[in-house]
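Visitor: All residue numbers for the sequence shown refer to the numbering used here, where the first residue is 1 and numbers rise by one.
There could be a bad hint or two in this list.
Derived lysine-lysine pairs resembling DSS-like cross-links, with alpha carbons at most 27 Å apart [to be verified]:
| hint | residue 1 | residue 2 |
| --- | --- | --- |
| 1 | K14 | K75 |
| 2 | K28 | K13 |
| 3 | K48 | K28 |
Think of the hints as simulated: they come from the structure by calculation, not from any bench.
Remember, predicted model here, so these are calculated numbers, not experimental data.
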Amino acid sequence: MYDFCERLKHIRKKRGLTQLEVCKAITKLGNFNMQNTSPWSCYEAGVKYPNACKLRDICVVLNVSADYLLGLSDKEDLK
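Taking the hints into account, I'd like the entire structure generated from these sequences.
Guide: The structure is reproduced here in structure tokens:
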């Protein structure tokens with residue numbers, strides 16, 4: 001899942017967001033409480049991976065397809 005970690009970090013930086021900003025945005029969706037960056041930093045480091053529900057929220061916040069994050073597609077943006 002090396003692609004996932006690298007792609008997650010790449011798209012976050014491309015969107016101009018910090019880890020904390022992404023975590024706060026995910027928390028605002030109301031499904032998960034990610035008030036600190038430790039889950040996110042684990043995702044970017046490849047220590048942990050999000051479950052399907054968290055992956056969905058990540059895709060919404062970053063406007064990216066799950067296929068891109070999972071390495072199944074090279075198309076980044078949802079359009």
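Visitor: Check whether the Cα positions of K14 and K75 lie no farther apart than 27 Å.
Guide: Between K14 and K75 the Cα gap is close to 14 Å, so the pair holds against 27 Å.
Visitor: Would the hint linking K48 and K28 be met if the CA-CA limit is 27 Å?
Guide: holds, 22 Å
Visitor: Given the hint that K28 pairs with K13, test it: the Cα-Cα distance must not exceed 27 Å.
Guide: holds, 20 Å
Against the hints set out earlier in the document, no violation occurs for any number.
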